[in-house]
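Q: As a plain string of letters, each chain reads:
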Amino acid sequence: MLSLITWAPLAGALIILMLPKEKVQTIQTAAFLAAAISLAASLAMIASFDRGTAAMQFVERWIWIPSLNVQYVLGVDGLSSPLVLLTAFMSVIALVGSLGIKERVKEYFFWFLVLESGMLGVFAALDLVLFYVFWELTLVPMYFLIGVWGGPKKEFAAIKFFLYTLSGSVFMLLSILAVYFKSLPHTFDMLELMKTQSAWDPRFQILVFLGFYFGMAIKIPAFPFHTWLPLAHVEAPTPISVILAAVLLKMGVYGLMRIAYGITPLGFAWFLPALITIAVINIVYGALCAMAQTDMKKMVAYSSVNHMGYCLLGIAGMSATGFSGAVLQMVNHGIITGALFLLVGVVYDRAHTRDISAFGGLAVKLPVYSGLMAMTCFASLGLPGLAGFISEFMCFLGAFPAWKWQTTVSVLGIIATAAFFLRMLQKVFLGAFNEKWAGMQDMTVRELVCVVPLALVTVWFGVYPKWPLDLINATIVHMLGK
Amino acid sequence: MLNLGLLRPELILSGLALAVMLADMVLPPTRSRWLYHLAWISAAVVLALVVCALAQPASRGTGSLWVVDSFGQFFKMTTLLASVLCLLLSLDYQALPSRHAGTFAALMLFSTAGLMYLVSASDLTLVFVSLELVSISSFVLAGFERSNPKSNEGAMKYFLFGAFSSAIMVFGISLYFGAVGTTKLAPGPAAPGPMLLLALVLIFLGFGFKASLAPMHFWAPDAYEGAPIPVTTFLSIAPKLATFAVLLRVYGTIFPAAQYGLQALVGLISVLTMTVGNFTAFFQNDVKRLLAYSSIAQAGYLLIGLAVGTPMGLEGVMLYAFIYVAMNIGVFAVTQAVGEEGGYGLDAFDGLSKRSLGLALVMTFCLLSLAGIPPLAGFMGKLYIFSSAIEAGRYWLAVAGVLNSVASVYFYFRIVDRMFFRAPSADGSPLRVGPYIYGGLAVAVAGVLFFGVYPEPLIAGVSASAHLLP
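Note that the protein sequences, when read in sequence, are chains A and B. Numbered as in the numbering used here, the first sequence ends at 482 without a single skipped number. Numbered as in the numbering used here, the second sequence ends at 470 without a single skipped number.
One should not assume that every hint holds.
Residues from chain B that face chain A, not an exhaustive set, calculated with beta carbons under 10 Å [as the list claims (entries may be wrong)]:
| id | residue |
| --- | --- |
| 1 | Ala167 |
| 2 | Leu361 |
| 3 | Leu368 |
| 4 | Ala398 |
Bear in mind the hints are in silico, worked out from the structure with no lab data behind them. Where is the CB? At the ideal position from N, CA and C, for every residue including glycine.
For reference, chain B alone in the conformation it holds in the complex:
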């Protein structure tokens, strides 16, 4: 059964993305900011559609290559939310060339649409096609600052690594087809042959590239450093979380990692990812790179939920994913405000508390939340994920998780140290902050504080959404 109606939000978003692209040709360059507005409103409208559809059972069901369930809808919401916020942040980003505003906005929307297809995919062909849609638009976005050599370098590395991992994934998919006889993702034989196992591992590694799991993370710091910062923000949130959605779908329910003996591998990658992320972050002096390693480490925590594989682990990943959007938006929005004036070196943060105390406090709260210090939302997310590990008796995952959280405080507080303990290097006047950055900060602070103090609505929402259709 085709059931194309299930994909209505994705189709509308793709159509709107094309409309933005066409509008770029019609509008005079002086009006190019309209295109950003058009883009974020499009994403917001689709977000509203997805939210409204939650209450309608008819919005869920199984199609030929796709399946729409409340789990997928949840991740579509996080993707769209991130997309709206990043487009808003782009409005306050000066370094973007105004000539290509339409291209930029449309590529963001295409990337978002690709991620939405990805979380609904129930067939490896759709998985691959949507991943390529995401990847190709992100390659262009990462290299958008054409005159900046770092942007070019980052985009090039991103592209080469991406092509490499796509090849691995395609190889995995072909092995899968050979083993099962179809590309449909459906529960396989109880006793898998070596070919199927190899296929599953290769496909996992392909996903690992997108989610920047160690050892497939090498592209991330360079791409993050070079990309325009709204794109960095987007890359650090949306593709990562959507990839986790499809990882959970494939390795959480269809081919449960425990049943296929992959649990140890997933656990190992999880510990490796957070350790590599945290300990490499110690030595970074560029904030974008530091945050890139931070987001690698965060992926490691998320992966604990998958390695555990219980319903609580699944809910933990969803909970943490949602909170992750808020805290990362906050951190990157402040970095954007600071970086536009003083560059992205750590020293740009010197004495921020004396210049703009509010901004420094927001940054501190978001960093503390990333480190998992109560009473902020990040703590609740980590509490849930570590709980799932303890519940399942996988203590070493929880121990690795908490030790890494302690280590992460060290580099997060290198920024705090500079904001509060150093004297401002420049004149010490308050930082100029654009109105849209304020919007992003408001969302971040509201999320980080409210869900930290009262996480119940979010937990209830996650438990209600944690249903996957076969």
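This is chain A alone, in the form it adopts within the complex:
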């Protein structure tokens, strides 16, 4: 099951590689089929997912490289299954958004599907080498997707993204090797390592944790390693910004919870005071940076830094509420920010500018667009009744008992978040109508197909969060219980 989910996109990519590049429609159909198989399989997986247990489910185990005791192990639990579903779902959405890509279509969909396989594999892999392979597998496609189809500074953004994340992940590799040689018998199996880690001394755990953390923090991105993000998000084409925000950032938080916390809990505990500080900085500083932007896309990019701060805050609370909140926040942020990037893309396609002050009074002309944008912004700033509120609230609730004043400062960050979103809404949609955009059309069917499902999920998770939370709960309780 998990192999099907993970490899279907890659199989699609290989098929696309064999198709002639003139047959654009065939290529698009093949890409959709591959992603749809993945999505259907992950929906089926969620449907038969046992919500009562914390054990790994749908486990597949094969020997891969016996000489090094590397195995091909896939499996999901309550932590990874929502993320697998999120990835498969957002990939289909982003593929719809990619229909607007006109040049070098074949290469685009090839890299896109390779990227999807890599992302799904990261969340499903339970062997550290396999995990690392998938982790790196996302880098190269992303490099090309930004570098070929991106904005004006795409080449620089692409190589900066690549080098930045690679320099983090090589330290993760060293940590992986360190735990391999520490464990007896030598193993890369995450579950085995989680069982044996209690015997390791704290100093070793701290060193190994730092290696892991360096790799994850760049991906999250946690302050001060966030500088690649605004550039990459802004330069990437819209569907790729969606994937970057919705899935790639989650790989970092997921890795932090699964690997850094699971394998080196002592190192994690040692790092907690720093982690909470970083979370607060991410929240406040991210929001303030977002407030200073005039480019809508850059503003959304910085809002991701801010939202990832909530995830870190929830994790630093070391409580079931905080952890569940962090996982839910990952899913919600993926959906909401994905929608935001799509919506910013909509206006950019028409106006070829994203300058906030270039617009005004758009609500008169584009009612559907304005409505969706307003709703998504409200969800993102945490309005009750929409998805963002639940998870942010849980993150604060989880962190408050352990970190009183830090949480209080973070709550102030919400005000800044609200400020920049409302300011954007006001300048773009309200006020006097800028006659320059008199010919602007409202959203097309293709754009609605992208955004409306995300909006529906936002409302659903906002009103009835029990469904995703039940999925997560048993695993989180188990993770913290040991």
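Given chain A, put chain B in place with the hints provided.
A: Positioned in the frame of chain A, the structure of chain B alone reads:
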């Protein structure tokens, strides 16, 4: 005991090389391509002989100046493989004068034979003689494009540096003789005197020239740039790997670096080599020079295995050496195809993906493999080598290795950047690629992808071959 039979593959290859040379006199110039075919078939036949001999214990043993073990046989295979592939690439190289085809092909075979003697040598006299056989044939090969001033310059520098390092090596050998009383490579006294230590260091530096280790690497970029590109390919693979074989034999088992206090020196040279290679490569605008620095850096990674000196380090070097053949052949084959049309400037790669997407992808895969990005074979090789450093507790070597791998991505991706992000400078028609280049590319891609995804057969083969006879 003489045991000349152990050297049968080398002797056959030397004989065939002479035959190619004689055939050059008999054949009319219009048929000169036959000589290349004759040459690569000769090398392939000897390769088949070595492979068949793997299963026979009688093919291994100790002779008077040589020792044939599975370790040596492994490196003979990589040398022969590189030789076959480079001769095939020469068939598609237009700039070679057809008049001297026999000389060219025969010199390649002589050089290969010299490397095979080298990996079996257990006596410093044979080491020196075989190194000279390799060097003198490579000097001529590097300067083969007589009308090209760069080729002459490169060959001259190569020759002068080579003569210099030979002198250092001979000095080291004479000190060795003075300290031990023989030129035989055998375990020396447990507490070495200063003379023996000096001898070992000087001999190491002599080898370092051939393997282009910093600071003995200065000849490499010029020689690589000037040499005909099939020769560049050959120089970047075969002599380097064979030299690593003899380094492992001497400094891995006979005089273990750790026991003689040379570990720090080897580690230092390793870090220096990869750093100098990678950071100088940043500023190169000629692809051949860029790849020359890349191969210098790669030697640095290989040297980590020797600096660690554990069985895992030894296996790591062998594993990486084998993978290195595949990835370097791939990179140079594409460069040859591109360079024959547009020269060897970086701008010749502009927009290659729009002209020949397949070629651009192969180049990208091989470059990624050189940089050590999974799931390609180069990653598995580096994983093994860095693992050995961590296992032995030499963390700083592993840290230097991974940081250098990150840095190397920058200049490898300067080529990728041009292939995918730039518009083609010329007409944008697909590149013409000769059939033999396709052969080289097929081997490269198969190796880089297959061993990246499923390295087990290679790892098992390496572990089985990692046995050295005293």
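Q: Each hint needs a verdict: does it hold in this structure or not?
A: Hint check results:
Interface restraint check: B:Ala167 against chain A, minimum CB-CB distance 41 Å, threshold 10 Å, status violated. Against a cut-off of 10 Å between C-beta atoms, the interface hint on B:Leu361 holds, since the closest Cβ of chain A lies about 8 Å away. Among the interface hints, the one on B:Leu368 holds; its C-beta lies about 6 Å from the nearest C-beta in chain A, closer than the 10 Å criterion. A least Cβ separation of about 6 Å between B:Ala398 and chain A falls short of the 10 Å threshold, and the interface hint therefore holds.
The structure fails to meet hint 1 from the earlier list, while all remaining hints are met.
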